[in-house]
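Put the two chains together into one complex; each comes in its own frame, and the hints tell you how they fit.
Protein chains in written order, with our numbering: chain A, 1 to 231; chain B, 1001 to 1443.
These aren't lab readings, by the way, just hints derived from the structure by calculation.
Glycine included, each C-beta is placed from N, C-alpha and C at the ideal position.
Do not take every clue at face value.
Said to hold, decoys possible - Simulated restraints on C-beta separations: (1) A:Glu19 - B:Asn1066: 47 to 55 Å; (2) B:Arg1063 - A:Ala75: 40 to 48 Å; (3) A:Leu120 - B:Arg1328: 38 to 46 Å; (4) B:Ser1088 - A:Arg108: 34 to 42 Å.
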Amino acid sequence: MTPILEIRDLHARIAGGREIVKGIDLVVNPGEVHAIMGPNGAGKSTLSSILAGKPGYEVTAGTVSYLGQDLLALAADERARAGTAMNAARRGRGEPELDAAQTLKAVRAKLKLLDIGDDLLQRPVNLGFSGGEKKRNEIFQMAMLEPRLAILDETDSGLDIDALRAVSNGVNRLRDPARAIVMITHYQRLLDYIVPDHVHVLSEGRIVASGDKTLATDLERHGYAHFVEAA
Amino acid sequence: MATPISSKRRDMTAHPIVTTLRRVFRDRTDAAMEPASLTSRRAAAMARFVELGLPGRRDEAWRFTNLQPLTEARAAPASMAETGVDPSLLAAHRLPGTAHRIVVANGCVRPDLSVIGELPLGVWFGSVVDAIDLRPDLSDTAFDVSDTIGARPFASLNAALFTDGFVLAIDPGVVLTHPVEITYLGKSGACHLRNTIRLGTGSQATVVETFAGTGETWTTAVTTIEVGDDAKLRHVKVQAEADAAIHFALTRASLATAASYDGFLLITGGLLSRQDIQVAMTGEAANLTLNGAWLLRGEQEATVAPSVDHQAPGGQTNELFKGVHGDRAHGVFLGSVMVREGADGTNARQLNRNLLTSPTARVDTKPELTIHADEVKCGHGATVGDLDEAALFYLLSRGIDPAMARHMLIEAFAAEVFDTAALTPQIDAHARRYLNAWLGAGT
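Just chain B, same shape as in the assembly (with noise of 0.2 Å):
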């Protein structure tokens, strides 16, 4: 099986990391527990990752994206026999207040960590391992979506290996108060975690995740989001992970007639990390919002690449990420809006800006439109800069001192995609956590 797709997969696929994989494939201990449906949806994406291989410099997507830290150490799959979880730590990234929780520790969610608490009716959340016993309505559907559009090797990989995740499902009509909160904590080795979130009809809910590993992770997310007719979804992810991380997103949203996604992104952790959000506006007059900032210093890398396709009418886009780069540190930005043949009326806003705190930092961005349709407002743009020298003489000028003063300037600019974003307090307070630990860490 699996013949080359063309030369220069050839020495991706024969990359030792591949190797490693398929034998992880082979061990899987959990196969005999699970439905052969999945069993052999699962063996055809590895077929399919083995086929793609590992992304390679040539791969436009990927190109500016430095694969060496993955080496075959961390295809390990995270220890099942490692199930301490420091309590003080889980408390550090908890959401504040009141929500629904799951823990999620290498790889598999944690009952005995995880507090549901009370849902509405009409609300079903829960783990993956749950939804193929309890709703394999909801999960085959989940795990029928497929990796194969666009090449997607970690995709693929993902869906051969997921160990668990969690699954959100709200009927039509049903309002979820309370926000739903998954924490995911790693100590080592890979987690591959797929999860799903459905909102029916006139839905809404508020979804808070919060990527807090402690050791040299192996992380890849898949999440399949459904935006019904008229609801509404409140998306936040940090990835606070530890510097050594490595960690790959993929976000696939669907956004239905007057539906509305409104996601917020923050990065602070992981020595290598990619988010990709790939938006479908498959109904008219769907409502995207992404806010998001990167800061990284020392030798972090991260790639942030919304791709949004306005394929009805009156959609909206509006975006805007910010990332900060001390030390060595590379930020890259891979932004698309493609607006299709007839999707009149769309109005799409897309900018990125940056901040180099170092001669040594680095960043890579291109905003990219696309557009087929005649009557739309788009419009994108990027900035990279250093710190304001003015305003920086402002504040020493004022007694403060320079590092407080570059601090400041920081948060600043950081900040403004807080503000953009309009975080309900409880969110706002939990993101701003990981803001200042950042800048408390130094700059």
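Extracted from the complex, chain A is given alone in its bound form (with noise of 0.2 Å):
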């Protein structure tokens, strides 16, 4: 079985700055969710970062492929089609695009499958929308998409215990055998809602420890300093 995601020594710079990502090994398989986990300043956006091929990071050695494919050769918008981009991705497996009617329908369906009422479809895109409606958005969008992986990054940042529980339940429709989950997160909380199959403990650019869901449980009762000091 071809990983979804593998990354290998992955070492890697703000362009022109200090290092940041020292060192990061993990593979993800398809179908299952990964919690990456650390304090501030630990790398973790810098990797969703490179990961989506943000501009103003330098990758400095290492590799990352997806579905055996070289990643980090892949301009921005090639890696988001390269497993999603709706229309795109049908074509890449051999579906048939949807043309408007068909995509409204799609909408339609994806929209009551996360529980988001139809008036979004009404308004102005992230014209006046609250953080919680944003994130919602922005799961709606993956519903879309159909991503082969996802990365959420911080996506329960700044949510309430209401937008977070939809935010969940939209994020576990979507588990699949066939997609992978990569979530970047600092608390546990979220991980109450979105049971992950692998846990890790990023510091200072490095994962320091792996584990499964009860990795998340050790955390929050000792913290991040024990993982840290014990690597």
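Okay, structure coming up:
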């Protein structure tokens, strides 16, 4: 089985700046949900930015492959299309593209799946959306794009408990044997709602501990310092 | 005659195009067919133009404008012999749905292409040439509106050389349901157009002007507007001429008590263009709304210069203009709002936002406020920025290619003006065609 994502000895820095990612190894297989946790400045967001192809970062060593292809050689939009972008992805899977009417039908079906009201469709994109609405909109986009790999970076930040539950339900409904999800978060709280298969602790640019969901509970009890010192 | 006013003018009056234009004026053949009073007015206007000469860089209102493309070749009158109008070209620029339509080709109203249709009682809509014959009361006041105010050389030139234009006059209380549409098509040479809109007390109308020439044209358009007490005018103007065109427009409006003027301006065409909009708020509680956008690329230069004069209490002005500049394009916004002594309770907002999508694009923006009254609420602002990198990455990371992502962000930027203007679906569809055509031509 080809892993969906395979990161080997990844080193990276902010363009022209100091090294932030200092040798990450991570393998994500289809159907798995991974949580990456860690204190501020551990390199969590740098990692997700590098995977997404955000400008301003330089990979100095290591490899990242996505479904066996070199992810780092692709531009940001190419990466997204490699596993997302509804019609591009459909073409990739040898399925016919959806026309406008079919698209709208699919949109309504996904909104229903995620318990999001139809009124979302009548509103200008991201105009006057609350924090929770923006996050729900993100999950809705994910449902439409049907990616093989989703990277959720701080999806829980700024959400109240109801919004967190709604977003988590959306993510859980999108769990699929063919799809992998990597969640990046500060807090264990999210993991009560989206239960991961694997938990990794990132500190100072390296994964210092990996385990199953109980690792998150240990983290909650002992704090990051315990793991950082142990590493 | 025509002693130069000052030494700085001397070189501009000597500009070769002035000589050419004097010759064009002398060679006019239609003078024999018009009233002598008009002929003498034209002569006086020509004398004023020659005296003023072309505006120079030292004229504050023109200091950002590069007149270099205005060559002598442009001064030749648009050929009267050139009568062919491509029907598909005309169809592509027409307002969808029902409208009272006039087509102006190469500076003259074309009755064979114009479909005015049935007008309600109390509405006069037709060409200037017909108005001179049939409604001298309308044409007289129109031509008499002085181009002497504020030393406007091209307004004087227009008064001397205009060949046609439209007149819309609405009697008190009459509401025109369907829009009036004027489509201008030019192929080459100079078109000088003089338009008049007069709305009687409590009347209402919508006027849509579309300039869509195809060649190296030079258009001057002077439009005089009077909006009577409680009357409402919506005035939409699309300037989508060829990228080689030169276009100088002056719109002068006066708003009586509780009158409302709702203007919308979209500029995508022209190598060199100016839209001077002068509004006098003469009556109490008059309401002015101006929304506009210009989208420029290549070597295009466009100036939008709205100037509002609050002379009476309780007036409202709301202006939003947005500019998009790519390649080596140059946009200029010269906005001014004057609140005169006694114009208490004036509420004026003036905003110009600009997007530079290329490092070689340029914008000059000068929103100005002059306040001589006490109880007023006035605000003005200007911004200049490039595309939001975070927004761009957001779209890329969802699989949208860079060209489409830029396109979407530019469209969203410009669309605010359309949303704010709250155009009717008919007019919105028309105006968005030009926005989409510009976006589709590549960013």
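Hints and how they fare:
1. A:Glu19 and B:Asn1066 have their C-beta atoms about 50 Å apart, which keeps the hinted 47 to 55 Å range intact.
2. At roughly 43 Å, the beta carbons of B:Arg1063 and A:Ala75 sit within the given window of 40 to 48 Å.
3. Separated by about 41 Å at the C-beta atoms, A:Leu120 and B:Arg1328 satisfy the suggested range of 38 to 46 Å.
4. For the hinted restraint 34 to 42 Å between B:Ser1088 and A:Arg108, the CB-CB distance of approximately 39 Å keeps it satisfied.
In this structure, every one of the numbered hints holds.
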